[in-house]
Structure formats: structure tokens, C-alpha cells
Amino acid sequence: MVVYLFLLLLAIASSGFLLGRFKARAAGVGQDVKMHSLDGYHGWFVAAWAGIPAVLLTLLWLLFQGPVIDWLLVGSLPANKVQAIDGGKLQLLVSQIKSVAAGNIFSQPEPFVVEAAERYNRWKDIASWSLFAVATVLALVGLLVARSRISPRFRARNGVETIMSGLMIACSVIAILTTLGIVVSLLYETLRFFDRVSVVEFFTGLNWEPQIPIREGQVTAGGAFGALPVFWGTMMIALIAMLVATPIGLFAAVYLTEYASARLRDVVKPLLEILAGIPTVVYGFFAVLTVAPAMRTFGEAIGLNIAPNSALAAGAVMGIMLIPFISSLSDDAINAVPQSLRDGSYGLGATKGETITKVLLPAALPGIMGGILLAVSRAIGETMIVVMAAGIIAALTLNPFEPVTTVTVQIVTLLIGDSEFDNPKTLAAFALGLVLFLATLVLNVIALRIVQKYREQYD
Amino acid sequence: MTDTQSGLLSSQHDWSSAAARKRVKRRYAADRRLQFYGIGAIALSILLLGVLFSSLMFTGYVAFYTTKVALEVPFAADQFDKDKLGDANYRGIAKTAFLTYFPEVTSRAEQRNLVKIMSSGAPYIIRDFVVANPDRIGSTVTIQVPVSDPFDQLYKGVIPRYIDALGQDRIALFEKLQRRNVIKIEGGKAFAATDIFVNPAEIPDGDITKADLHGMVREGFAAYYPKQTSRAYQEILAEDASTQVLRAKIEAEPGIVGKTVTLMLPLAPAYDELARTGASKIVNPRFGDKAEFVWFDKLISAGAISTPFTWELFTNADSRYPELAGLAGALSGSFFALLVCFLLSFPIGIATAVYLEEFAPKNKWTDLVEVNINNLAAVPSVVFGLLGLALFINTFGLPRSAPLVGGMVLALMTLPTIIVATRAALKGVPPSIREAALGVGASKHQVMLHHVIPLSLPGILTGTIIGLAQALGETAPLLLIGMNAFIPSIENMGLTQPAMALPTQIFSWADSPERGFVSRTSAAIMVLLGFLVIMNILAVYLRRKFERKW
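These protein sequences, in sequence, are chains A and B.
This note's numbering applies: residue 85 is where the first sequence begins, and numbers increase by one.
This note's numbering applies: residue 844 is where the second sequence begins, and numbers increase by one.
Keep in mind that the hints were calculated from the coordinates and are not lab data.
Owing to the predicted nature of the structure, the values given are computational and were not obtained by experimental measurement.
Some hints could be false.
Stated by the list, open to error - Derived Cβ-Cβ restraints for the label pairs, each shown as a range: (1) A:ALA378 - B:LYS925: 56 to 62 Å; (2) B:THR983 - A:ALA385: 55 to 61 Å; (3) B:THR1339 - A:GLU199: 26 to 32 Å.
Yeah, the Cβ is synthetic: ideal placement off N, Cα and C, and Gly gets one too.
The following block holds chain A by itself, in its conformation from the complex (with noise of 0.2 Å):
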């Protein structure tokens, strides 16, 4: 259906185009005025006149549909009926009367909820022939008036730039509608989890068990929503894998931009880069398939219990994938040295390794902390491989051979499966949602603050 009305506003809006040239070429036929802009840019215009508004209409029309229909449906339903529930059975029964509208019957609904089908089915009849109707006349209507405006003096090309700049500035806003979107929908379902659950004991309560369901009537039923240990082992996987990552990541950099030829350059960055580009869902299979089994055998060989979701297998896979993140902004940064802190420094007649360690490091170090910054927040928000690899039960523990969870992986496993936004258990994954939002802002600010701070030194 949906389809067919974008077809055919296409239709409209393409023999709009055609029209308005036609209409623009017999126009400029025999006047004595040359017309202001070129034909095409006549049907443009109509095209423009004709598709935008009616598309824009579609697009709204179709978004608050199905809302406003639920909403009749809720309020049509019989009082007596939905006084007695509350809001999560309310959804439960209106997608009840959802899946018999759509004919799949299991057992024998209530009387009033096949009418209500009936009812919801006749609605989305109604509402999206009128789409239909509605859409068609706008886009003739608008087909009809801009081609009215055809005239040799008419400013087609201006109106067309106007538009195309209008669309331009509407793009260029999603981007700011995407941040606000996240921003909004985080706050708006963490405000109804703190509803639920204290703040304080989000941010300080040390026992985590959101799985475990929370019976009715129960009025301390929020002792299972403390983050810390969450938070705590989210910490200790990134720390685990910066500590794999820098050392290595800054070494390679080291050599690639001091020591290395040209041509080792040329392969062995590319081959760095490729570590960058496997998706994390694949390392998050190598650590189950490979790292975690033969961190269990070598910890086995020398007396050590590692468990097979180990902190430390995700955390060194985790390394592993920012290996090249940190060497690339390591490299960045110093190369951004000047020339001339080099060639002093081997004039005083210091070695390479000197010059490294004792010039090029501190003078870079901005740079590389700024790297080093925004690998850690990449690490905190990166899902698959802790999801894979890491543990599930929130533990808080100092021991990297034990399991741990992490926030990237309780957003995951409170959410799947479960879209019902009624319970604390699916709130909590956007409290989670909106800390790790938060705190990779934070750092991401911090880090690129640094790195700007220290360009402005030498530029």
C-alpha cells in the first residue's frame, strides 16, 4: 500500500516534471521577454511542488498513525474492561487485539476483543486509504499551482535553489536531531527507572540482579539494581585491554615513524589497519573459539584457574582490537613534532632511542594521551567481543581470571528478547545506556580538548 502511494507520488511528481517543461518551452515560445530560467528548471519546480509536500505529509502521516490509533482502540474499549489493569497488561491486551485483527487466532478471544479487532482493522482501513487521498490531492494540487506560476518571468532556477537549500539545511539537522534523539530517549526511560529504583542505589549499591524477576507486592523490590560491580568490571576489561593495547600500539608507532623504512612502512601499516577493520563480532568469536581456551590450558599447566569467561581473555581481545587505534593516533602524534626538535636533539648528538624517549615522547604526549583517551572510550562502549566473552553475573572482584560483566554486555542481555518497557529490568539497560553515553562523551570531549591544546604548540 505504502509502496504503491510512494510510486505513484513519483508518478505525479515526474509527469509534473514534464509538464512544467512543456509548459515552460511553449511559454518561451514567440515572447519578446527571453525566459529567466531554463526549462528544466521549470519542471523542476513543479517535480519539487508536487512530491515534496506530499512525501513530507506520507512520512508524518504514517509516524503518528499507529500511535493515534492505539490510542482510539485504548479509548474504545469497553470501561469496565480496562479499569481493573494496568499499563503493561493494557499493551498486552492491545497487541492481543493486534494479532487477532491480523487473523492469528490461538484460542477464543472475548467478544469484545474481536470487536475491537474489527474495529482497529476498519480504522487502519480508513486511515490509510485517506493517506491515500489525502497524499494524491496534495501532490496535484501542488502539481497544479506551481505550474500555474510558469511564466517567462517566473525565477524557476532561484525557487529550485531555494528548495535544494531548504532540503540541505533539513539534512544537515538530523544530525542534531540523532544526538537529541539519543539524548531524550535516554533521560525519558532512565527518569522512569529512578522512579522505580533510588539513584543512590544505582550508583552505589554493590548487588546486581536484575534477572531475578520482582514478585508484586514486593516493596523493596529494588535491592537487585546496585551498578557498581557493573561499572567495576566494565573498568576492569578496559583497563585490561589498554594495557595490552598501549605498550604494543605505542611501540609500533614508535618504530614505524622513527626507525622503519619506507617500504616496511608501506606494508605494515596496512596490515595494522586490517586488525581495525574485523568486525567485533569476530573477535568476540576468537576469544570464545581460541584466546579464552588457551589462557585455560596455560593456566592449567602452571597451577592457575582461569575461568573460560575470564576478564582477562576479553579485556586482551578487546587489546588486541585498539592495537592499532592507539598506533595510528601514537603516529599521529608524533609525526605532528616538528622537524626541528629532531634535528636539535641528534646536533646535541643524542641516539635515536634518546631522541624518542626523551624528545619526541614528552612532545607528543598530549597527542598520545588524547589517543589513548578515546581508545579508552571506545573500549568501555565495545559490545560483541564482552558480550561473547565476558561474563554475565556482575561480581566484584580483583581477579582478572574470574568473570566479570560489563555494562555493554547487561544493556544486552536485559534487552533481548524483552521489548515491553515496563519493568525495571528493561529501564535499567537505558540508565546503563545513558552512563555509558555520558561517560564516552566525556572522555571523547576531554581527549580531543588535548589533542587541539597541543596542535595549537606548534601549528
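For this one, chain A is given, so just place chain B on it according to the hints.
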């Protein structure tokens, strides 16, 4: 400068002195050390890359061929109803065809076990063949059907027939028993000769059904293992069989109650094997028992087993059975999601970049847009998943698990990449071209549309392909919007139908316990990496081919 100072200096700067040479040597050693660390770091990362790829290939290559058994299927015309070809008894047809290899197996129970060698998808393969070729009814057709996962893995050498059931310490304990001559072998079975005190206190009212026979056996056997009583008892003895021996003894000779009797207690399979053969190998528990190997070996020697290329990996939908599971559903889901992602992010990205780079005034508003774009590039992907779930699915009521929503979320994540690449490409077009076009009377929009954008298109396309390659590998946001639905058919694919994507398919296979899914996962990863390689090569090719130095 005084003499003493200059003297001090000169002695310090005596480069030929032993101390100075040592110092210089140390300094250059430090230099070499740093170089060595650098080489080590690079070698280590490349080694890790190599380990990653080789472990994937090593586990994954076996998924590209399937162990199949050839079935001679006679399609008798009376088995089929012309109008309902799909409804015939294909299970029976497959079973009969398979059992023709084993005329000697007649017991129903054995036949039931035997048919387990064949994949449980075999009836559907035969059904699909009949539906596609109704003209073959009445003839006998050879159809290759996969064998079930354990035998597939066995034939590929992934899992062994026998496994070591016991560790060294267990074997040492058992050998102690053997040295004490407790273990006896009679009639091809091993037994532990155990003295058991039939305690009348443990038999309430003389009723044997209420007696704690387990306890008696445990206590009797504990004499050999004073320290590890109960565990050793449970491990070494076949527990239930042993109590039955005791019960039979008491029932046969009620007079032994209150006396000590020496019984031959049967051993658990692993220890039985160890006692008889000296090795602690037992039949891999993935197989029922040894008879199944014998049957499978018979199939091999009959030449019925072949290993053709696994086209099913690309043509089948997902399945609970690894030998049948394929990527077709995931590929189509990823295709639709990427299509939506491209259709949204490409025009929007270009429009945003052109506006910011060429038209936007420098003010707070455009600064805000730029800051936002930079931040979006750094937002963790799982947060985009949360956005998709809360906004697209819960607020706007778009369908869950649909490639449409997946594509929309991926588009938001790809936008920053495309915008950055487009801006760089636009910057690369020299001002002379703009000025020349403006000079002949083109409007600003015309300069853009007719000259600058066509000239920067290779750069834009390169950035777009790289962005799409990233989107193809993205997993977490798709998991959150439910694009990991189990879809066992490829008939109903579309933008708004529940679907799976390639990376989420990898995730869900990696989570499956069957052994065959390990190689399937690796194979799926190879397919994914293959697509990424193709896309990146295309991007590099575009850049090389059309890049212009002005």
C-alpha cells in the same frame, strides 16, 4: 671558567676513556633495545592477526563441504497425490531408502537409532526435489542428503570416535586397585570384588525395597578408598548395576543378612574399558554407542558417502541442525538493511556535507551541527541500538526485527563517515574550478551540481563504501532492535519482515551448543570478511582509478 672546572670537563669529555666508551655502548644498547621493542610489538600484532585468521580458517574450512549419503529413492506413483505433492510421507520414504543399506538390521529400536545417522532434514530435501521435479515420479532417483551433525563432524575428523574419559590421577587411583587384585575380569567384563557387610539395621522390617543398598555398597567399597569414599564409589562402580547385584544376592540368599559377602560389582564404562584394555577410551558420548560407527563404516565402505561443496551454506535459511543451516536469510537481511542504510545515508550525508562545506555561514548553529557530527562518530554502537529500540520501535511503532529499522539505525551510524569523507573530497576540488564556473555565470548551486560534486564523486563513493563496510559488520545495535530472529525459511523476505543479519547470525551460531555450528560460525565469518575485503578493494580501486592530483 676556572682551571679545575675545565679540567673536570675535559676528563668527562675524554671520549676514548673506558668509562666513556662504556657509556656510549650503553646508550646505543638502549637505542637498539627500543628498536627491538618496536619490532617485537609489530611482530606480535601481525602474529595475532595471523593467529586470528588461521584459527578461523582452520575451524571453518570444514564447513565448506558436507558429508552426504546417497539415497536411492524409488518414487512409486501411488505414494503421491498430484494435487498435494508436499504432503506425502517423506519421512517414511527417506527412512525406507536409507534402510536399504542395512537389510540385516531388523529390530525397530535399532532402526530408529540407525536413521539418526541421516540428517533430520532429509525428508524435506526429498520433498523439495519432488515438488520441483514432479515428472520424476515413477522412477528411482539418487538423492544426496547430509548425514547428521555428529557423523558429519566424525567424517571430517573434527571429533574423535573415542575420548579419554579419565585424567592421570584417576588412572593412578585405579591402578592401585588393580595392584591390590580387587579388579577381576570375567567373561569380557571387569568387576570389582568387594566385601559388603549386609547390615540388618539398614533393612527395615526385612523389606528389601526399603533398604539402603547404595549405602551398603558405598561402605563396602569405601574400604579401598578410605579418603575419597563417596566420589570414588560413584565414579568407578556402575552404581545402579552394583546395587542390583547386591539386591539379587540378598533375594537369592536371605540368609546372608548380617554377614559379610564378597560380590563382583560391575564397573562404570570408562573404568571397565581401562581394566580390560589398559586405555581409558570410551565411545564419544555424542554418539549413542559403538554400533553406530559400525553402521557408518558400512556406509563408507559401500561408497555411499561423498563430500560435495556446501552450496547449502548460501542457499539455505537458518536451521537448528548445523548440517542444514545456511546464510541465505542472513545475507538477504543484511542486503535489505544495507540498502536502506545506503538510500538514507548517501543523499543525507552528501547534502549535509555540501551544506556545511560550501553554503553554511560560520555561526553558532553550524558549529553545533559540526560538534554533533563529531560526537555521533564516537557514540558507542550499542547506544544507537537503544535509540532505535526506544524511538523507532517503541515510539513510532515500526516493526521489530525488521531490516527497515536496522537500516535506519545503521544509516545514523554511517552518516558521520560519509559526511567526513564527502567534506574531504569537496575540499580536494581546487578553487580555480569553482571560480571559472562562477565566472561564466553559473549560480552557486550550479557550480556545485555541475562541477564540484561530479569531480569529488570518487572520494564520496570511497567514503560511502567504507562506511557501508563498517555498517555490514555492526552487530550490537541490530541485536537490540531484534534482528537476531530465528527465521527457518527464506520465502518471506522484505523490508518489514523479521530477519537476521550476517553478523547477528554469526553471534547466534556462536552461541549454539552443537559442534557443527563452530565450523559454520567460522565459515560465516569468512563470508562476512570476504564481503568486507571486496568492498574495501572496491574502495581502494575507486580511489586509485579516479583520484586526481590538481
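Structure-based check of each hint:
no.: 1; hint: A:ALA378 - B:LYS925: 56 to 62 Å; verdict: 59 Å, holds
no.: 2; hint: B:THR983 - A:ALA385: 55 to 61 Å; verdict: 57 Å, holds
no.: 3; hint: B:THR1339 - A:GLU199: 26 to 32 Å; verdict: 27 Å, holds
In the structure shown, no violation is registered for any of the earlier numbered hints.
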